[in-house]
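Colleague: Take a look at the letters that make up each chain.
There are 4 protein chains.
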Amino acid sequence: MDGIIREGDLLLLLAPGGHTYLLPAEAREFHTHRDAVDLGAFLGRPWGSRILGRKGLPFYALRPTLYDHLMKVRRATQIIYPKEIGLILLKLDVRPGKTILECGTGSGALTLALAAAVGPEGRVITYEKEARFRKVARENLARAGLLERVIFREGVREDFGEKEADALFLDVREPWELLPAAWKALKGGAPFGALVPTVNQVSRLLEALEGLPFVALEVQEILERFYKVNPERLRPEDRMVAHTGYLIFARKVQER
Amino acid sequence: MDGIIREGDLLLLLAPGGHTYLLPAEAREFHTHRDAVDLGAFLGRPWGSRILGRKGLPFYALRPTLYDHLMKVRRATQIIYPKEIGLILLKLDVRPGKTILECGTGSGALTLALAAAVGPEGRVITYEKEARFRKVARENLARAGLLERVIFREGVREDFGEKEADALFLDVREPWELLPAAWKALKGGAPFGALVPTVNQVSRLLEALEGLPFVALEVQEILERFYKVNPERLRPEDRMVAHTGYLIFARKVQER
Amino acid sequence: MDGIIREGDLLLLLAPGGHTYLLPAEAREFHTHRDAVDLGAFLGRPWGSRILGRKGLPFYALRPTLYDHLMKVRRATQIIYPKEIGLILLKLDVRPGKTILECGTGSGALTLALAAAVGPEGRVITYEKEARFRKVARENLARAGLLERVIFREGVREDFGEKEADALFLDVREPWELLPAAWKALKGGAPFGALVPTVNQVSRLLEALEGLPFVALEVQEILERFYKVNPERLRPEDRMVAHTGYLIFARKVQER
Amino acid sequence: MDGIIREGDLLLLLAPGGHTYLLPAEAREFHTHRDAVDLGAFLGRPWGSRILGRKGLPFYALRPTLYDHLMKVRRATQIIYPKEIGLILLKLDVRPGKTILECGTGSGALTLALAAAVGPEGRVITYEKEARFRKVARENLARAGLLERVIFREGVREDFGEKEADALFLDVREPWELLPAAWKALKGGAPFGALVPTVNQVSRLLEALEGLPFVALEVQEILERFYKVNPERLRPEDRMVAHTGYLIFARKVQER
Numbered sequence: 001m002d003g004i005i006r007e008g009d010l011l012l013l014l015a016p017g018g019h020t021y022l023l024p025a026e027a028r029e030f031h032t033h034r035d036a037v038d039l040g041a042f043l044g045r046p047w048g049s050r051i052l053g054r055k056g057l058p059f060y061a062l063r064p065t066l067y068d069h070l071m072k073v074r075r076a077t078q079i080i081y082p083k084e085i086g087l088i089l090l091k092l093d094v095r096p097g098k099t100i101l102e103c104g105t106g107s108g109a110l111t112l113a114l115a116a117a118v119g120p121e122g123r124v125i126t127y128e129k130e131a132r133f134r135k136v137a138r139e140n141l142a143r144a145g146l147l148e149r150v151i152f153r154e155g156v157r158e159d160f161g162e163k164e165a166d167a168l169f170l171d172v173r174e175p176w177e178l179l180p181a182a183w184k185a186l187k188g189g190a191p192f193g194a195l196v197p198t199v200n201q202v203s204r205l206l207e208a209l210e211g212l213p214f215v216a217l218e219v220q221e222i223l224e225r226f227y228k229v230n231p232e233r234l235r236p237e238d239r240m241v242a243h244t245g246y247l248i249f250a251r252k253v254q255e256r
Numbered sequence: 001m002d003g004i005i006r007e008g009d010l011l012l013l014l015a016p017g018g019h020t021y022l023l024p025a026e027a028r029e030f031h032t033h034r035d036a037v038d039l040g041a042f043l044g045r046p047w048g049s050r051i052l053g054r055k056g057l058p059f060y061a062l063r064p065t066l067y068d069h070l071m072k073v074r075r076a077t078q079i080i081y082p083k084e085i086g087l088i089l090l091k092l093d094v095r096p097g098k099t100i101l102e103c104g105t106g107s108g109a110l111t112l113a114l115a116a117a118v119g120p121e122g123r124v125i126t127y128e129k130e131a132r133f134r135k136v137a138r139e140n141l142a143r144a145g146l147l148e149r150v151i152f153r154e155g156v157r158e159d160f161g162e163k164e165a166d167a168l169f170l171d172v173r174e175p176w177e178l179l180p181a182a183w184k185a186l187k188g189g190a191p192f193g194a195l196v197p198t199v200n201q202v203s204r205l206l207e208a209l210e211g212l213p214f215v216a217l218e219v220q221e222i223l224e225r226f227y228k229v230n231p232e233r234l235r236p237e238d239r240m241v242a243h244t245g246y247l248i249f250a251r252k253v254q255e256r
Numbered sequence: 001m002d003g004i005i006r007e008g009d010l011l012l013l014l015a016p017g018g019h020t021y022l023l024p025a026e027a028r029e030f031h032t033h034r035d036a037v038d039l040g041a042f043l044g045r046p047w048g049s050r051i052l053g054r055k056g057l058p059f060y061a062l063r064p065t066l067y068d069h070l071m072k073v074r075r076a077t078q079i080i081y082p083k084e085i086g087l088i089l090l091k092l093d094v095r096p097g098k099t100i101l102e103c104g105t106g107s108g109a110l111t112l113a114l115a116a117a118v119g120p121e122g123r124v125i126t127y128e129k130e131a132r133f134r135k136v137a138r139e140n141l142a143r144a145g146l147l148e149r150v151i152f153r154e155g156v157r158e159d160f161g162e163k164e165a166d167a168l169f170l171d172v173r174e175p176w177e178l179l180p181a182a183w184k185a186l187k188g189g190a191p192f193g194a195l196v197p198t199v200n201q202v203s204r205l206l207e208a209l210e211g212l213p214f215v216a217l218e219v220q221e222i223l224e225r226f227y228k229v230n231p232e233r234l235r236p237e238d239r240m241v242a243h244t245g246y247l248i249f250a251r252k253v254q255e256r
Numbered sequence: 001m002d003g004i005i006r007e008g009d010l011l012l013l014l015a016p017g018g019h020t021y022l023l024p025a026e027a028r029e030f031h032t033h034r035d036a037v038d039l040g041a042f043l044g045r046p047w048g049s050r051i052l053g054r055k056g057l058p059f060y061a062l063r064p065t066l067y068d069h070l071m072k073v074r075r076a077t078q079i080i081y082p083k084e085i086g087l088i089l090l091k092l093d094v095r096p097g098k099t100i101l102e103c104g105t106g107s108g109a110l111t112l113a114l115a116a117a118v119g120p121e122g123r124v125i126t127y128e129k130e131a132r133f134r135k136v137a138r139e140n141l142a143r144a145g146l147l148e149r150v151i152f153r154e155g156v157r158e159d160f161g162e163k164e165a166d167a168l169f170l171d172v173r174e175p176w177e178l179l180p181a182a183w184k185a186l187k188g189g190a191p192f193g194a195l196v197p198t199v200n201q202v203s204r205l206l207e208a209l210e211g212l213p214f215v216a217l218e219v220q221e222i223l224e225r226f227y228k229v230n231p232e233r234l235r236p237e238d239r240m241v242a243h244t245g246y247l248i249f250a251r252k253v254q255e256r
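Residue numbers (full-length UniProt numbering), protein chains in the order written: chain A, 1 to 256; chain B, 1 to 256; chain C, 1 to 256; chain D, 1 to 256.
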C-alpha cells in the first residue's frame, strides 16, 4: 500500500480506446485489438503510471475501485448495477460494523458492495440456493479481497436463521414468499429492500408488504444517462439502459 | 444499542399521512396537522414501536438511517441528493479507513455520507470558504454523530495541503480552477469527481480535465422516478425532479 | 387573414415574464401582476406586434396555434398533453379527409387536435357519456373554430354505430370493455390507440387485445424535459412531469 | 380505396416475429428468416388480411400509415423521429392548407410528415444543398404519394425567397447562420423551430434568437420508453434511445 504496483496486485488496465481489463500485474505481454503492452513494465512503478504499447499508444494501470469490480464481476445471472447499488447502500443504511442479509446472491455484485461497505467488523449473510451461483459469487468476492466478510447459506424456507439483522435485501423472483421470514429476521425499525424487474411483481410485493407490519413503503426506478465526453460537441450517448428493475423499500415495525 | 428507545435518542417519527420528523426522544407531546402524540410513550419501548395519537392514528419511532439524515439536513445551500450520493460513494471508492477530500462543504449532505462510509478509522477533509455554511454543516454532522471524523478547512487556493488523498470531490462553481490542486492532492490512479448544474460548466471542466493527466473521463446524470404506492393502481408520481446536476468522474494518472 | 389583428380575433397575449393569455382582441385594458396593457392598441396592427404596457414592459399579440389552444383548454378532466397528442396523430395516421373515432371526449384536448388534423373534409366522432364534459369540450372546440368538424355522441355500449373508421382512440377507465366494439368500428388494418394511467390497466388492456384480432401491439410512455432558456447557464428545469399515461397502440386485422 | 388490396398497392407486411416490410402488392414469394409467404394471395382480399406462410406462420397486410412510412424512409442522413415530429407538427401549427418552410431536407422524414399534414391545398418548401439527399428525399416522398405537395430548393444564403411562411423549421448544423433569413420569411407571430444534437449548438442558437425579434423561446427534449408487450410480465424494454436532439422553438415578432 505504498503506492507502488507489485507483482500479483490486481490492476485495472486502461487501454487505448477506453477499454478496461481487470488482471494481475505480472511480466507478460497483453494484447488488445489496437496495441500490445508489456505488463511487467508497470511493476515497481506508482499506480496511475503510463506505459506506451508497441505502437506507441498509452496504457494506464489503475488500482481497481469497488465500482470497477462491480463492472467486471463474472456474471452467471443478471446483476444489480451501480446506479441501483449506490441507492440501496444508503436506503439500507449499510455502514461499517453492520450485519446485512441478502437473498439471493446471484453473481454477487450487490454482495460485493455490501461487504465493502460493512468493513472488516461487519458481515454479510447471503442466501443462494443454486450452487453454481454461489461458486461464481465466491470467486468474485475473493478477487476483490472481500470473501472473509461474507457468510454463504443455501436457501431460505420459513426462516433466515437470524434475528437482529440491521437490514435485509431480496433479489428473488417471488420476494413476497419470504416476507414473513424477512420480518422476523430484522431489528425493529430496520430497513427492508427488494428489486424486481416487472410491474406485476411490484404490485404483488406491495400487497404483501401492506399485509405485514411494514411501513414507509416506497417504489422507485433509477435512470442513468451518459454523455459523450466532448466539450465542444457535448451531448448524451445515443442509447441508454431503459430498465434494470424497480426498487422497493420499507421499514419493519412492531405492529401495524 | 439494545434495541430500546432511550431518552435523548434521535428518532425518526413517522406520522399519519407519511410525514417524517427527526427529533429527540423525550417526554413531550408532538403535534402534526392530523393528530398529536405523546413522544414519551416511546421511551423504554423497542425501535419500530407504534404509539396511537389522541385521535387513534398510528405514529412509529424509527432509528434514523443515513438516508433519513440526508433528507433532513438543515439546508443553507442546494444539497446533493441520495440518488447522486450513492453513485459518488461507489465511483470514488469511499470505504472504511480511507481519506477523502471534498470542496465545498455547503450544507454538508455529501460530507455526512462520506463520513459514514469511511468509518471511525477514516477521515473526511472538507473545504468551505463561507463560515455560515461550515457552521450549518457542523451542526448536521454533529446531529448524526459523525462530526469527529471530519476536518474542516476554510478554502483552497493553490493547494489542498494534502498529498495522498484516496479520492476528491468538487462541488464548487468553478471546479476547473481547482483542478491542478486536485491533481496534486490525489494518490496515483485515484478517482476524482465533481457535480455542476449547467452544461456550460460540464464543457469547461472537461476541457480542463483534458489538459491535465486525468483519464477515464465520464459525464452522466441520474434520474429518479417514484411510484405511487398502490398495488391496484400502480403508476409513477405525477411530477419528479428533472435535474440536480451533472456528475463528472475521472482518474488521476502520472502523465498523459 | 391579411396578417392584421381585427376586433374579435382570438389572440395569445404574451405578457412580461412569459405568461400567456388567450383572449379576444378588443378595446380594453388588460392587467397582469407586472403591468397593464391597452389591448385596443393591437387592433389594425400586424400579428406579432409589440405594445408597451403602462410601466413600459413589452406585450406581444400572437395568433394562437393549435398547441396554444391545447395548453389553454378549459379543463373539466385530466387532459391529454401535446407530447402524447403529437405521437397519437402520427400513430393513428390522422390526416386531412379522414374519419376518426374517439371515446371519451373529456375536456376535448385530443378532440381539438384530431379536428385540426382531419381538415374541413374530415370528421371526428367523439363519445362522452357525461353531459358536463361534452359541454366543456364543445366550448373548447368552438373557441378554436373547429366545432363543425366534430360529431358528439353520448356513449357506447355494444357498438360505436360506425363501421369504416380510419382510426379509433380510447381514453376511458376500462378500455377493454369497448374493444369488441372498437374492432367492429375500424377498417381492416386500421390503427387503434388508447391511453391509461396505471400499469394494471395496461396489463388488462394487453390481455384483451391479445384475445381479439389485433396485431402490432405496442406500449410506450413519453417524457418531456424542458430546459431553462439561458445560453450561458444552460440546464434542465428543476422539475418535470413524471407521468401522464401509458400509450397503447395496435392494428385491427381480419383474423388472428 | 374500397378496402381491397390491389396489385401495386404499397403494403406494410407484418411478418412472424414482428418484423415489418414496406413493399408493393404483387404475385411473388417473399422470404423472411422464419417463413415465406405468397404475396399474391393478398390481392383481392381486404386490408388487414392474414395469409399463412409455408410453415403455417401468420403474415398480415396493413395499409402503411404515415408513421410506418417515417420508420421505413430510406436513410441518407440521421433522420428526425416520430417522437419529435409529432411535437413539431403541433408547435409549428402545421395544418391543412398551410405553407411550411424546412431547411435542410436530409432524407425527408420530417418533410414527409409536413406534406401529409398540410394536405393537398398546402405546400412544403424544403431546402437542401446536397443533391444526393434531395434525390433520396424525393424517392421517399414519391413512395408515400406526397411528392407533388413539396417544392425542392437548393440552398439558402441571405434569403429563403419567401415572405409569408406559416412556420419554418431548421435542421442544419449552424442554424444561427440562417436566423435573419428565417425571420424575414415568416409571417408575424409565426412559429419557428429547430433541432440540434449538441448543447453547444443549443446555447449558440439561443444567443442568436435573443439577438433578433423572437419571443417565447423554449428548449426541450423528448424521451420515449417502450415496454415489452407481456401483460403478466410487464416491464420496459432493456434499452432505449437516450438522445436524438434538442428541440428549440420560438415565435417571430415585429420588434423586440
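Keep in mind that the hints were calculated from the coordinates and are not lab data. Errors might be hidden in some of the hints.
Copies of one chain are not kept apart here, so a pair can be met inside one copy or by any two copies together.
Claimed, not checked - Dumping the calculated SDA-like pairs for lysine to any residue here, alpha-carbon to alpha-carbon at most 25 angstroms:
#1 Lys-228 with Ala-41
#2 Lys-184 with His-243
#3 Lys-187 with Asp-238
#4 Lys-55 with Trp-176
#5 Lys-228 with Arg-138
#6 Lys-135 with Glu-237
#7 Lys-228 with Met-240
#8 Lys-129 with Gln-254
#9 Lys-184 with Ala-27
#10 Lys-129 with Val-241
#11 Lys-72 with Glu-158
#12 Lys-184 with Gly-8
#13 Lys-187 with Leu-57
#14 Lys-184 with Glu-139
#15 Lys-187 with Gly-145
#16 Lys-163 with Arg-74
#17 Lys-129 with Arg-6
#18 Lys-228 with Val-241
#19 Lys-187 with Leu-22
#20 Lys-55 with Asn-200
#21 Lys-72 with Arg-239
#22 Lys-187 with Met-71
#23 Lys-55 with Pro-180
#24 Lys-187 with Glu-237
Colleague: Now look at each hint and say whether the structure bears it out.
Modeller: Tested hints:
no. : hint                 : verdict
1   : Lys-228 with Ala-41  : neither (32 angstroms within a copy, 50 angstroms between copies)
2   : Lys-184 with His-243 : neither (31 angstroms within a copy, 36 angstroms between copies)
3   : Lys-187 with Asp-238 : neither (45 angstroms within a copy, 34 angstroms between copies)
4   : Lys-55 with Trp-176  : neither (57 angstroms within a copy, 32 angstroms between copies)
5   : Lys-228 with Arg-138 : neither (35 angstroms within a copy, 33 angstroms between copies)
6   : Lys-135 with Glu-237 : neither (36 angstroms within a copy, 30 angstroms between copies)
7   : Lys-228 with Met-240 : both (12 angstroms within a copy, 16 angstroms between copies)
8   : Lys-129 with Gln-254 : neither (30 angstroms within a copy, 46 angstroms between copies)
9   : Lys-184 with Ala-27  : neither (53 angstroms within a copy, 30 angstroms between copies)
10  : Lys-129 with Val-241 : neither (29 angstroms within a copy, 37 angstroms between copies)
11  : Lys-72 with Glu-158  : neither (34 angstroms within a copy, 37 angstroms between copies)
12  : Lys-184 with Gly-8   : neither (44 angstroms within a copy, 27 angstroms between copies)
13  : Lys-187 with Leu-57  : between (55 angstroms within a copy, 23 angstroms between copies)
14  : Lys-184 with Glu-139 : neither (31 angstroms within a copy, 36 angstroms between copies)
15  : Lys-187 with Gly-145 : between (29 angstroms within a copy, 21 angstroms between copies)
16  : Lys-163 with Arg-74  : neither (32 angstroms within a copy, 35 angstroms between copies)
17  : Lys-129 with Arg-6   : neither (38 angstroms within a copy, 40 angstroms between copies)
18  : Lys-228 with Val-241 : both (15 angstroms within a copy, 14 angstroms between copies)
19  : Lys-187 with Leu-22  : between (38 angstroms within a copy, 19 angstroms between copies)
20  : Lys-55 with Asn-200  : neither (54 angstroms within a copy, 35 angstroms between copies)
21  : Lys-72 with Arg-239  : both (21 angstroms within a copy, 20 angstroms between copies)
22  : Lys-187 with Met-71  : between (32 angstroms within a copy, 22 angstroms between copies)
23  : Lys-55 with Pro-180  : neither (61 angstroms within a copy, 30 angstroms between copies)
24  : Lys-187 with Glu-237 : neither (43 angstroms within a copy, 30 angstroms between copies)
Violation of the numbered hints given earlier is confined to hints 1, 2, 3, 4, 5, 6, 8, 9, 10, 11, 12, 14, 16, 17, 20, 23 and 24; the remaining hints are satisfied by the structure.
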